Amino acid sequence: MATYSESFTQSKPMTPNREIDLRKRPNLKESLIQGFLFFCGLLSIFTTIGIVVVLFGESWRFFGSPEVGLVEFFTTTTWQPQVGAFGIWPLLTATLMVTFFAMIMAIPIGIAVAIYLSEYAQERTRKIIKPTMEVLAGIPTVVYGYFALTWFTPQLRNVFGSDTVQIYNTLSAGLVMGILILPLIATMCEDALYAVPRSLREAAYGLGATKLETAMRIVLPAATSGIAAAIILGVSRAIGETMIVAIAAGAGPKFSLNPFVGAETITGHIVRISGGDLSYESIDYNSLFALALVLFFITLILNLISQRIVRRFREEYE
Amino acid sequence: MRNSAAPSNTNGELFGYNLPARHRSGAIWRMFFFAATIFGIIALSVLLWDVVNDSFGYTAFTYKVDPATLTTDGKPLDEATSEELIAILEKTLRPNRLNTLNDEKPLEQRTQDELYELVLAEIVQPKVVAVWGLADSLLRVGKIPTEASQIASQKNIDPATISIVFVNWLSRGFVASPQSSNALYAGVRTAIMGSLYIIFITILVAFPIGIGASIYLQEYAQDTPINRMIQTNINNLAGVPSIIYGMLGLTIFVRGLSPVTSGAVFGYLGADPNYGRTILSAGLTMALLVLPVIIINGQEAIKAVPNSLREAAFGVGASKWQTVWHHVLPNAIPGILTGTILSMSRAIGETAPLIIIGASTYITYNPDSVFSKFTTLPIQIYQWTSRPQDEFRAIAAAAIIVLLALLLALNAIAIVLRNRFSRRLI
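Respectively, the protein sequence lines represent chains D and R. According to my numbering, the first sequence is numbered sequentially starting from 1. According to my numbering, the second sequence is numbered sequentially starting from 1.
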């Protein structure tokens, strides 16, 4: 023991009169790597700037041309580029109608699935349902379009009569889109229900509430904001969805509220027109960018609202 | 005093008198919730059944020349030898047509399959009159001939000339043939090649950038305004409709960078002008589209790596990058790979942006470089579904099965990769 401490004190410190420099030394390799990584992150900003510049630039040329007026664009109800009529309403009503039908399908079923999974289901059921939802969400939308046209529409025509239901109609496209949106709404709602603290449920049981009463009157209201966020995101997804409506909702803008006739949505119109050979200098081409700009703003605002709600809702229980 | 208001409550009568009703409504709602839950499974099954149903089934043909009259001893045409087929061709076709075919590829050098297809296309010329699904073909097989003759007389075709054959639309020939304007000869080879090429470029571009960005945001970024902006921006980009990326790709890659994406800068001159509507443009657009998804998934994977690993690395004097490269990334790689492959399956199924970039492309040759024009499986499905004829519906359904099989394979690879990496590391 003594020899050990002796030898320890006798050994000289390696740098007797100099302090160890602990400051970060510049290292070229490390800085280069960090610079590259920062650039990767920055690229997403460039993408957004690119989208905004492209959409605004072409829309500017569209609204700058003599045939088109901004007021006319948002107030008239005919979209016929051949005769220079550019009123967005036929496309917008078709978009909203399809979205409405999709939500009629997706909201009640989505919430019911979420309640079942979070309040009732056993682990074994969850293990079957969750992957099914993932598969449903992973099927390409063009397949849903095929399904809507070749299976769903014939069924609708059987039920309502093939005189009333046209081969291309917004109802079929909307309801099938509801199946596509269902997994999104179900999983987001389930997350919201799951986040409700257990103590709330136990308090309700303690007062003698049944399972249903607890789920509907305690858990569901407590998760309202999360469910609202899910619904808004679902609406945004439905508005931007393209292939189902391009295949099943019909071609040709039509200002009609009849769910059984074909009408073209904003996205469907963009795909149909740009799928053909289109001159880059024509006003038709520029009009597509104006439509895309409207689409971009609607979905962006909906997404921002949804994110805001989710953030506020998370703070509530943490 | 308090008890006087509700004496029966102590006996449980007041509490219990509507209990059966409450339980009943509980049971009813529970059934509704359960029905909604299996709705997803039902929808999925019906969808898959619809696709399979349309891919197989009896089809009524009418021939310009009855194939039975071509062979001598009543042998089916598809069993004839190459020599017999050549003899049929030489006997029936006009000399200048024969010369043209010989110039393309001498008849003697063609395989039996090729000759058989040639005989069909040049002499027999089958035309589809009506198509039945698998369910009809199995359950109502007896009624098909009468229906066929009804349809034939509606279309002004002599019912006697019709022959009904069971057709497997998803045949080996379908997967191996190029695109064609005739549903009977059309295949998805060019489309599969196009899809794979585009995915390859997408991975090449999006994977390094996506992982770089998620490392930056998770490991390097301090809470500064610009970093917060990047994060918010990525979340918003993930919600932008895919069709808008198509418009972006059309303007920037197809038109703006046309000299680069058409290959003109590199001295590439294709068979016909591609105007920048190339695989390269499509791959780059898809990369922008999946980038937010890859970044968000990558961030989740990196976030899941325990902090103790980083602290241990810093404790023994590792630099920031050494810590990330040797300790954080290897542990995050299973999650990163899963996220990447999921985003790739999204890219394979994505249709709208590619239609905008590729426009109405009709190509019958395989894409041979990144500067080729392209078609992809979803685009083919869309174009075939849009045709009113039943036979195009049938090949669209067959193409959907090919697409779903491709996605399944991709996801299986994801699972295998994830298992392998996580075993090696832990």
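Warning: the hint list may mix true and false statements.
[What the hints assert, rightly or not] Computed, partial: chain R to chain D, Cβ under 7 Å:
hint	residue
1	G26
2	W29
3	L44
4	S163
5	F166
6	F314
7	V316
8	A318
9	T385
[Said to hold, decoys possible] Each computed DSBU-like pair below joins lysine-lysine, with the alpha-carbon atoms no more than 35 Å apart:
hint	chain 1	residue 1	chain 2	residue 2
10	R	K303	D	K130
11	R	K303	D	K127
12	R	K303	D	K24
Derived by calculation from the structure, the hints in this document are not laboratory data. Note that this is a predicted model, so its numbers are computed, not measured. We put the beta carbon where it would ideally sit given N, CA and C, even for glycine.
Structure-based check of all given hints:
1. G26: With Cβ-Cβ at 4 Å, under 7 Å, it holds.
2. W29: holds (5 Å)
3. L44: Holds: closest Cβ of chain D sits about 6 Å from L44 (chain R), inside 7 Å.
4. S163: violated (25 Å)
5. F166: violated (20 Å)
6. F314: violated (12 Å)
7. V316: With a closest approach of 16 Å, the V316 (chain R) hint is violated.
8. A318: Result: violated, 11 Å to nearest chain D Cβ.
9. T385: Result: holds, 5 Å to nearest chain D Cβ.
10. R:K303 - D:K130: holds (24 Å)
11. R:K303 - D:K127: Holds, at roughly 25 Å.
12. R:K303 - D:K24: Holds, at about 25 Å.
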